[in-house]
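Colleague: Letter by letter, the chains look like this.
Number of protein chains: 2
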Amino acid sequence: MRFSNMFIPTLRDVPADAESVSHILMLRAGYVRQLASGLYIYLPLGWRVMNRINKIIREEMDAIGAQEVSMPVLHPAEIWQQTGRWDAIGDEMFRLKDRGGRDMCLGMTHEEIMTWLASKEIRSYRDLPQIWYQIQTKLRDEARPKSGILRTREFIMKDSYSFDVSEEALETNYQLHADAYHRIYERCGLRFFMVESDPGMMGGAVSHEFMAPSPAGEDEVAICKGCGYSANVELALSAPSKNNPVDWQTEEVHTPEKRTVQEVSNFLKLPPSYFLKSILLITDSGPVLALVRGDQELHEKKLARVIGSHRPAQKVEVKGILGVEAGFIGPMGQKIRTIADESLRDGVYVSGANKPHYHMKGIRAGRDFQAEWHDIHVAKEGDFCVKCGQSLHVERVIEIGNIFKLGTKYSMPLKAVFLDESGQERPIVMGSYGIGPARIAAAAIEQNNDKDGMIWPDSISPFDVEILPLNIKDPKTMQAADTIYKDLTDKGFEVLMDDRDERAGVKFKDADLLGIPIQIIIGEKNLKEGLIEIKKRRTKEAVRVKVEEAVETYIAGRNK
Amino acid sequence: MRFSNMFIPTLRDVPADAESVSHILMLRAGYVRQLASGLYIYLPLGWRVMNRINKIIREEMDAIGAQEVSMPVLHPAEIWQQTGRWDAIGDEMFRLKDRGGRDMCLGMTHEEIMTWLASKEIRSYRDLPQIWYQIQTKLRDEARPKSGILRTREFIMKDSYSFDVSEEALETNYQLHADAYHRIYERCGLRFFMVESDPGMMGGAVSHEFMAPSPAGEDEVAICKGCGYSANVELALSAPSKNNPVDWQTEEVHTPEKRTVQEVSNFLKLPPSYFLKSILLITDSGPVLALVRGDQELHEKKLARVIGSHRPAQKVEVKGILGVEAGFIGPMGQKIRTIADESLRDGVYVSGANKPHYHMKGIRAGRDFQAEWHDIHVAKEGDFCVKCGQSLHVERVIEIGNIFKLGTKYSMPLKAVFLDESGQERPIVMGSYGIGPARIAAAAIEQNNDKDGMIWPDSISPFDVEILPLNIKDPKTMQAADTIYKDLTDKGFEVLMDDRDERAGVKFKDADLLGIPIQIIIGEKNLKEGLIEIKKRRTKEAVRVKVEEAVETYIAGRNK
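Sequence lines, in order, name chains A and B. The opening position of the first sequence corresponds to residue 1 in the UniProt record's numbering, with each subsequent residue numbered one higher. The opening position of the second sequence corresponds to residue 1 in the UniProt record's numbering, with each subsequent residue numbered one higher.
Hints should not be assumed to be uniformly reliable.
Each pair may be met inside one copy or between any two copies, as identical chains are not told apart.
Straight-line alpha carbon distances no greater than 25 Å define the calculated DSS-like cross-link-like pairs of lysine-lysine that follow [unchecked claim]:
(1) 355 with 258
(2) 473 with 525
(3) 536 with 476
(4) 120 with 146
(5) 528 with 476
(6) 361 with 335
(7) 146 with 97
(8) 473 with 138
(9) 97 with 138
(10) 120 with 509
(11) 146 with 540
By construction, these hints were calculated from the structure, which means they are not laboratory data.
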């Protein structure tokens, strides 16, 4: 492909509203444009990357026996009503009415429709297992679309669904997917790992996420280098650092106007880990008191798994329910439901004294308060692994895929059943599995860039190689360029040739910005010696080789 | 691919609600399933066909220098408001609000978004020409979805858009598309032709449709075998058969209770072509009288191009406006706007006499009534070509593509401009071009089927060849099947092998239903002589060849 025939609108300046590196570079290099909040147009270069990623995904899905289908974006409400998600999902779902006034929605995911299809077509255990997948458009009305193509309201997703006779059979398909996902990310050149995750709105018992480490990520994972334990911090278990070594008797301490852990910690000259933090929350079934250690953060999602949806109490509610103003509350003598973090089981603490401007030293679980015990704190760097006791490492990551064991959550309400070998009707056991190719592209850029632009992994670069004839008016330059272009193209490589009548500096700058991994530079000076230059985008190392050896040198370099 | 690993849910019975042959066969052969009215799921076989068609489309689009991009399904209303189509398009457009209450719509087509992109990115004549295309999902809330995948509410479309400096340059891109479309349909094995068409909601001055002859079509085209003139009957010009040869004096005739042309024609024993039919219509700017010859039908769309949108007058309106009851009206002495069909210019006619239960013989244009003259009749079989005078043939067709010269209809309101060589700002001149791959698939089936099932053209068949080992329990059969399968697959062919443990009859029936063009049949009896059978699906001709010659015989047959 010749640059002059291609629509590559590069930008000199950093776009004002772009946040992440991938967002900035995809705009600057002319890969994408934003149509509206969370809605992106893929320009020719961006779309080439997506197609290369999708090809890898297809190959790996086909290799595990998955079969590609294609389902509509537009869904009738009835099927979503049958599983309850029509009501359970809020503003994230785009809803509309058709001309007949019927409720419809835009597919956020396809568990409902896939299960509906299985309910119509699967009859017998002989029809199972099945894996059906599609690479198709999803729509989710994100509250805060951001970071370019990382979090959009419309996106392409490879979603697959497995249908099995039993949990054991599901385990096989689940593992096949986990392995296929590993191969996909490896082939796409990403650094990544698989972690335990929260099934969230998908439901089901077990799920894992695939995460690409990057500061641009919206998630955090906790990883134990000792035993390999890794999980999204949304559910990562951890043992905080050791408890304080003191053994105080209970004692009221005057702490005038000192309300927060930080204020009291400074005032009493004790580290935050010596404190017990009490937080009052309001649920549909009444108030709940949550207790965490002073150096820990309460994890809303972990707590939500215990008490359901909740909100923080307002000041006036704290006073009304606990009889003391916020800042001085403690669990002692409180009659409401109390959830305490595991880290508070042992040791003695300073807590609010349930008396204005006083705190109480020497508070001890079991003796001074009763509670239900759960891990409700946010796992953080330096916490200890609950499995092996070694230090946890917390890393920011981009979610690039997820896999769910759904069990019969969808097959039961949609009556997707089969007759087993004994002729008995049983619900199909399902899994669902998602990969976002746009996130793979963005993660690849986040993990591979420098001050000059992107650096694509070979496998998903929009082109394999870029040829830069520096002076297109020099016939010898163009003859060499055309020869190498033809030779590479004939060998099946995708080649971009910058045939624009531009200064060498502009071509170098754009080539680095575009990030094609190898540049073949054809300059008049080298050419006089019969040489061209082959340059690696990543290291900027260049070798000079004979014109007629350019292609074989390029190929030899690729295979390294 | 092995049949046993593939999801091909064939049906024995003809589905009750399927209308067209393609609809019935795609359901029966397990190619598609209907999710809801006008919403279809492509199963693995159907999706393979779509991918093969899309590959051909991509190759031909790339060959004319078109560049593939991808745009969202979801559009902000503002851009559609700027071109006026937000208001001009009715219930066909799916509309919704996002969580912020902003008006959005689902893309029926992408003129607005493509032009918006051009307005942001095109600066200079040096940036032109451009052709951008996508193969992407469109949504239209059809009033009456029907015929399976022929008229659906959600469908995939290849839509391309050309951007040029002038009408002359547009002509080049328009012709490039017309040629590419010819190649696409030829490669897909369709019988088709290109006809003049009505631009409809796209606007613009010139447009053509590509039509595949089929009784399942919803359109009709008029074709002149003399000069090659061809057009959608929506705008086809035609000269009806010769006028009546009589030359009556005006004379009132009593026609008691005879109102319709048919009734009066029977009563007076004169053919319908001797009559003048007057039809009263109501428009926003008042009543209009339309006149056509008694043997012709008024063409609503042709008339709409003259008088705009309109509706038939009710009986009470006819009486009120014309002073006489419906059935006896004539154009004589009427003071309202009158549009007459060209066929009435000459000759004398029988018309309503504007007097209850009377008609008037001897009515003549110019003398007895004045009118604006237009072609407002439906062209029909046996009419004469207005260009060369030969007979017109009218054929039912499936619309499989269309191309539009848009001019500056979209670039003006969206301010998509460029600076020309003299530095002057000018609007970009545009074209738009659509192909529906699903319609190609359906048309291919409509044109190629027999009582046993589909017969795919080689190029778009889900598989190139199907191998039928008749007894999978016979090791020699399976050995031959596996050898041929491997050999064909290694040579790059897509092969389906029916490895199911089914009776030969079931395999034959399903193979014919699925319509893969070549069947390689491996039976024990032939195998004893070292032979297999190669059978053409279309003709059912079979040849017996040696096992080791199967592949070369297949390849040789393909190239014929």
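Colleague: A separate judgement is required for each hint: does it hold in the structure or not?
Modeller: Taking the hints in turn, this is what the structure says about them:
no.	hint	result
1	355 with 258	within (12 Å within a copy, 102 Å between copies)
2	473 with 525	within (14 Å within a copy, 71 Å between copies)
3	536 with 476	within (24 Å within a copy, 54 Å between copies)
4	120 with 146	between (39 Å within a copy, 21 Å between copies)
5	528 with 476	within (9 Å within a copy, 66 Å between copies)
6	361 with 335	within (21 Å within a copy, 103 Å between copies)
7	146 with 97	between (28 Å within a copy, 20 Å between copies)
8	473 with 138	neither (48 Å within a copy, 45 Å between copies)
9	97 with 138	both (18 Å within a copy, 17 Å between copies)
10	120 with 509	between (56 Å within a copy, 23 Å between copies)
11	146 with 540	neither (32 Å within a copy, 59 Å between copies)
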